[in-house]
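Asks: One-letter residues, chain by chain:
There are 2 protein chains.
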Amino acid sequence: MAKQFVKEIADMDVDFPQWYTDVVLKTQLVDYGPVKGTMVIRPYGYAIWENIQRELDARFKATGHQNAYFPMLIPMSLLNKEAEHVEGFAPEVAVVNVAGGETLAEPVVIRPTSETIICNMYSKWINSYRDLPLKLNQWANVVRWEKTTRPFLRTSEFLWQEGHTIHATREESMAETLDMLHLYADFARDVLAMPTFIGQKSEKEKFAGAEATFGMEAMMLDGKSLQAGTTHHFGQKFSRAYDIQFLDKDGTHKYVWQSSWGVSTRLIGAIIMAHGDQRGLVLPPKVAPVQVVVIPVAAHKEGVSEKAVEVAEQLRKAGLRVELDTRDQSPGWKFNEWEMKGVPLRIEIGPRDIEQGVATCSRRDTCEKFTLPLDDLADRASELMQQIQSNMYAKSLAFRDSHVKLARNMDELGEILDSKCFAKVVWDKDPACEALFKEKFQATVRVMLDERPFQDVCTCCGRKDSAENLVVALVARAY
Amino acid sequence: MAKQFVKEIADMDVDFPQWYTDVVLKTQLVDYGPVKGTMVIRPYGYAIWENIQRELDARFKATGHQNAYFPMLIPMSLLNKEAEHVEGFAPEVAVVNVAGGETLAEPVVIRPTSETIICNMYSKWINSYRDLPLKLNQWANVVRWEKTTRPFLRTSEFLWQEGHTIHATREESMAETLDMLHLYADFARDVLAMPTFIGQKSEKEKFAGAEATFGMEAMMLDGKSLQAGTTHHFGQKFSRAYDIQFLDKDGTHKYVWQSSWGVSTRLIGAIIMAHGDQRGLVLPPKVAPVQVVVIPVAAHKEGVSEKAVEVAEQLRKAGLRVELDTRDQSPGWKFNEWEMKGVPLRIEIGPRDIEQGVATCSRRDTCEKFTLPLDDLADRASELMQQIQSNMYAKSLAFRDSHVKLARNMDELGEILDSKCFAKVVWDKDPACEALFKEKFQATVRVMLDERPFQDVCTCCGRKDSAENLVVALVARAY
Numbered sequence: 019m020a021k022q023f024v025k026e027i028a029d030m031d032v033d034f035p036q037w038y039t040d041v042v043l044k045t046q047l048v049d050y051g052p053v054k055g056t057m058v059i060r061p062y063g064y065a066i067w068e069n070i071q072r073e074l075d076a077r078f079k080a081t082g083h084q085n086a087y088f089p090m091l092i093p094m095s096l097l098n099k100e101a102e103h104v105e106g107f108a109p110e111v112a113v114v115n116v117a118g119g120e121t122l123a124e125p126v127v128i129r130p131t132s133e134t135i136i137c138n139m140y141s142k143w144i145n146s147y148r149d150l151p152l153k154l155n156q157w158a159n160v161v162r163w164e165k166t167t168r169p170f171l172r173t174s175e176f177l178w179q180e181g182h183t184i185h186a187t188r189e190e191s192m193a194e195t196l197d198m199l200h201l202y203a204d205f206a207r208d209v210l211a212m213p214t215f216i217g218q219k220s221e222k223e224k225f226a227g228a229e230a231t232f233g234m235e236a237m238m239l240d241g242k243s244l245q246a247g248t249t250h251h252f253g254q255k256f257s258r259a260y261d262i263q264f265l266d267k268d269g270t271h272k273y274v275w276q277s278s279w280g281v282s283t284r285l286i287g288a289i290i291m292a293h294g295d296q297r298g299l300v301l302p303p304k305v306a307p308v309q310v311v312v313i314p315v316a317a318h319k320e321g322v323s324e325k326a327v328e329v330a331e332q333l334r335k336a337g338l339r340v341e342l343d344t345r346d347q348s349p350g351w352k353f354n355e356w357e358m359k360g361v362p363l364r365i366e367i368g369p370r371d372i373e374q375g376v377a378t379c380s381r382r383d384t385c386e387k388f389t390l391p392l393d394d395l396a397d398r399a400s401e402l403m404q405q406i407q408s409n410m411y412a413k414s415l416a417f418r419d420s421h422v423k424l425a426r427n428m429d430e431l432g433e434i435l436d437s438k439c440f441a442k443v444v445w446d447k448d449p450a451c452e453a454l455f456k457e458k459f460q461a462t463v464r465v466m467l468d469e470r471p472f473q474d475v476c477t478c479c480g481r482k483d484s485a486e487n488l489v490v491a492l493v494a495r496a497y
Numbered sequence: 019m020a021k022q023f024v025k026e027i028a029d030m031d032v033d034f035p036q037w038y039t040d041v042v043l044k045t046q047l048v049d050y051g052p053v054k055g056t057m058v059i060r061p062y063g064y065a066i067w068e069n070i071q072r073e074l075d076a077r078f079k080a081t082g083h084q085n086a087y088f089p090m091l092i093p094m095s096l097l098n099k100e101a102e103h104v105e106g107f108a109p110e111v112a113v114v115n116v117a118g119g120e121t122l123a124e125p126v127v128i129r130p131t132s133e134t135i136i137c138n139m140y141s142k143w144i145n146s147y148r149d150l151p152l153k154l155n156q157w158a159n160v161v162r163w164e165k166t167t168r169p170f171l172r173t174s175e176f177l178w179q180e181g182h183t184i185h186a187t188r189e190e191s192m193a194e195t196l197d198m199l200h201l202y203a204d205f206a207r208d209v210l211a212m213p214t215f216i217g218q219k220s221e222k223e224k225f226a227g228a229e230a231t232f233g234m235e236a237m238m239l240d241g242k243s244l245q246a247g248t249t250h251h252f253g254q255k256f257s258r259a260y261d262i263q264f265l266d267k268d269g270t271h272k273y274v275w276q277s278s279w280g281v282s283t284r285l286i287g288a289i290i291m292a293h294g295d296q297r298g299l300v301l302p303p304k305v306a307p308v309q310v311v312v313i314p315v316a317a318h319k320e321g322v323s324e325k326a327v328e329v330a331e332q333l334r335k336a337g338l339r340v341e342l343d344t345r346d347q348s349p350g351w352k353f354n355e356w357e358m359k360g361v362p363l364r365i366e367i368g369p370r371d372i373e374q375g376v377a378t379c380s381r382r383d384t385c386e387k388f389t390l391p392l393d394d395l396a397d398r399a400s401e402l403m404q405q406i407q408s409n410m411y412a413k414s415l416a417f418r419d420s421h422v423k424l425a426r427n428m429d430e431l432g433e434i435l436d437s438k439c440f441a442k443v444v445w446d447k448d449p450a451c452e453a454l455f456k457e458k459f460q461a462t463v464r465v466m467l468d469e470r471p472f473q474d475v476c477t478c479c480g481r482k483d484s485a486e487n488l489v490v491a492l493v494a495r496a497y
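Residue numbers (the working numbering), protein chains in the order written: chain A, 19 to 497; chain B, 19 to 497.
Excised from the complex, chain A in its bound form (with noise of 0.2 Å):
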């Protein structure tokens, strides 16, 4: 019966972009929009993006951020303002000339980020040190306007949290810039059973209008990165540009020290292809929408389909997000419906299980078959969503940790990247080095890890120098 289903999906093996494509379309996941590179996220994807958002904005309040809602349409002239900022953000803005029937006399953009209308809001509030820092977060949507679009990975629009605080002082800023890194390092590890590197981005990944921008980048199953979330430290660049000054204590008007940071509905895209397997979505139980299925087999029988409806109750009563699939198609064909969408486990409620007492189970992500006891079913699929979840870190966390390898020259690190792993290099940080990653091997640098060199010449260029001249870089191919 699964390879029905099977058969719909692409070999993973085979055809990796086809896979997802395949399996973010069959498990009802997203849609393509009518304008071209936006996406409908349906709710069975739209609910892992609210899993994702309760998790984490629970995680930005407990550290002291409030929420917030800035417009989506920025003038212009404001975005003008930063320059290296504009100059990475204006090829991919859309413009609105026309509102209300009449041309606009400024043009405005929707938002590709906030940092400028945040930036001009914040320099109307702020007037002394009482007012830092100030923490606030926006959940919303933004618009950049792509050549090539896949969903969640790549979309004209999409959903993000934009965080943006300033500080009255360098180390707080950065502080906050590292601390952020370590929260979305920990929601992914903890929440998307999903291990990642985090580390500075080079001169060239940095986001633009940044001082220092630091990535959490993890690896998906084709060997390639994903960047999964970004923070940035702006130093004091925004708030010289958009005016944002404090009184001190001391008497004396200081520009405040700022970060932003975010993350967006690529999280789905990695949770897919950091999970999942030829029967589709391996979905971790914290942001699966359904974490057990109760499917009745032989539902006709006396008492199965009464049981079934109390197992269900059970388990919702201890807190698990459940499903009672009661449509009139066979069990065979649940099942297979049910794997493709990647829900944790499935309990079969058949007239043989109810005479023995027991409950037949299926774990997603070992596909292992057992049964349970009905009279404690709830307290142990509770534990097993604990066991799944731990269970689906640890086997990303060995898969990534063996596909990770030194490259000590550039033959190396072309075979490496070949066989579809990571590859840690020492690096010089000269430009040109980075450049032939990519002109060489289509690869970039990724993040610069905090490791000692395992050797004292840059792994691209070969030249010697001494340990604090060089670096530890993670190259990869990336989406």
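One or more of the hints may lead you astray.
Taking lysine-lysine and the DSS-like style, the derived pairs with C-alpha atoms no more than 27 Å apart in a straight line are [stated by the list, open to error]:
id	chain 1	residue 1	chain 2	residue 2
1	B	Lys44	A	Lys267
2	B	Lys153	B	Lys142
3	A	Lys44	B	Lys79
4	B	Lys79	A	Lys335
5	B	Lys319	A	Lys352
6	A	Lys99	B	Lys54
7	A	Lys153	A	Lys267
8	B	Lys142	A	Lys44
9	B	Lys79	A	Lys325
10	A	Lys482	A	Lys456
11	B	Lys335	A	Lys79
12	A	Lys267	B	Lys319
13	B	Lys267	A	Lys352
14	B	Lys267	A	Lys79
15	A	Lys44	B	Lys267
16	B	Lys153	A	Lys44
17	B	Lys335	A	Lys335
No lab work stands behind these hints, which were simulated from the structure alone.
Fit chain B to the given chain A structure using the hints.
Replies: Chain B in isolation, oriented as in the chain A frame:
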């Protein structure tokens, strides 16, 4: 001390619009965005919206709705498919002509509402009666280019939820339309402490493209009505325009029946104008960002700060939203600020209070001052939240009921409206009468009420008619 703040807010009896503007800006609910007619929702305002969202979202899910997200950008051609709809919305849309540095082949509009794009997707997704009903909701921003704007009440961009449901039969979609109207009214009563009138809108006031629109109207303290939510029944108008058909059980293809419904950040404006007073905001506990503020008095005295921290912690453990105000300002200054911000309960902790084992409390809704025993504070404060919530509703209901009067003829109608009341009129549904309400009194038919006519002639034209041809309509000046 209070006067120092009260002076900053205009007298609501003298200049209600200025009072409103002062309150929204000075309590930092909102600020003006750089693009005309846009607003920044500041943390204190956004927290109210988050409380509204949480309460409504739970109700939507409990009644079988799922959240999704549809693209904000809609091709112009898609908007144009339903004739009445485009006529209603085209004059207000913002149009994107340029994106990614290129002029678009077809301009796209920013959604003013999402019927068109959602219908477009529904027509792809729906095949059989098994796919119905489909009951989706989205939380989103929309843009309508308005000439005259006011924070929360009417802004170019606003946040809202829009539910869009399709059904196999007219009965089901009509039931949904009315169920959601009642859900809104129950929510307004139980969460916003706000009585409302619900009923069908006149032909003139209905939504562009709807067969019937139903509205929820709330009375503001200046005697004007605010449309606080609407639900629409589309019949098959959109399903025919967008070709949403399903194969029914009887083997024939049929067009679906459809509803939509929405409430927006306008509700925050409703809360302000339904409950506020000369000192500023009065917030119902269920939506108040801060339910209890704890203010240490003579904080330098031994044990005061510690006790205040302990009390705040106790209250938080009881599930209350608590602010402990330890800022370097006088207690009087703080009292005024939190009063202006509408916090339901203030608790002062001073040396004398501690000695006597009590806390001095002040209720925002009644301005009563009293003491509560320290050892029972959490329970008593929780009880008070319920009492304040109930009292605010009772007060609003009494105000409303004393401000609705029967108008038997146009002279009476004029008097009633001029005395800042709502009028119930008997109306023969003649659009000419409706036009006269507007022309003579700048008033409109808000909703038609489900009540028996109290006379056998139309309040406007005096024509006699049978009870079946007459309705009782609520006529008021409105926002």
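Asks: Work down the list of hints and note, for each, if the structure agrees.
Replies: Now the hints, each set against the structure:
Taking the CA atoms of Lys44 of chain B and Lys267 of chain A, the gap is near 25 Å; set against the 27 Å cutoff, the hint holds. For the hint linking Lys153 of chain B to Lys142 of chain B, the alpha-carbon distance of about 16 Å falls within 27 Å, and the restraint holds. The straight-line distance between the Cα atoms of Lys44 of chain A and Lys79 of chain B is roughly 24 Å, inside the 27 Å bound, and the hint therefore holds. The straight-line distance between the Cα atoms of Lys79 of chain B and Lys335 of chain A is roughly 17 Å, inside the 27 Å bound, and the hint therefore holds.
For the proposed pair Lys319 of chain B and Lys352 of chain A, the alpha carbon gap of about 68 Å is over 27 Å, so the pair is violated. As the CA atoms of Lys99 of chain A and Lys54 of chain B are separated by approximately 19 Å, the hinted pair is consistent with the 27 Å bound. Under the criterion of a C-alpha separation no larger than 27 Å, the hint pairing Lys153 of chain A with Lys267 of chain A is consistent with the structure, at around 20 Å. Only pairs whose Cα atoms come within 27 Å are accepted, and Lys142 of chain B paired with Lys44 of chain A is accepted, the gap being roughly 14 Å.
With a C-alpha separation of about 25 Å, the suggested pair Lys79 of chain B and Lys325 of chain A falls inside the 27 Å cut-off, and the hint holds. The hinted pair formed by Lys482 of chain A and Lys456 of chain A meets the criterion: a straight-line CA distance of about 22 Å does not exceed 27 Å. For the suggested pair Lys335 of chain B and Lys79 of chain A, the alpha carbons sit about 17 Å apart, so the restraint of at most 27 Å is met. Restraint check for Lys267 of chain A and Lys319 of chain B: satisfied, since their Cα atoms lie roughly 26 Å apart, inside the 27 Å limit.
Between Lys267 of chain B and Lys352 of chain A, the direct Cα distance comes to roughly 22 Å. Compliance with the 27 Å bound is thereby established for this hinted pair. Restraint check for Lys267 of chain B and Lys79 of chain A: the C-alpha separation of about 50 Å exceeds 27 Å, so the hint is violated. A hinted pair counts as satisfied when its Cα atoms are at most 27 Å apart, and Lys44 of chain A with Lys267 of chain B qualifies at roughly 25 Å. Simply put, Lys153 of chain B and Lys44 of chain A have alpha-carbon atoms about 20 Å apart, close enough for the 27 Å limit, and the pair holds.
This hinted pair checks out: Lys335 of chain B and Lys335 of chain A have alpha carbons roughly 23 Å apart, not beyond 27 Å.
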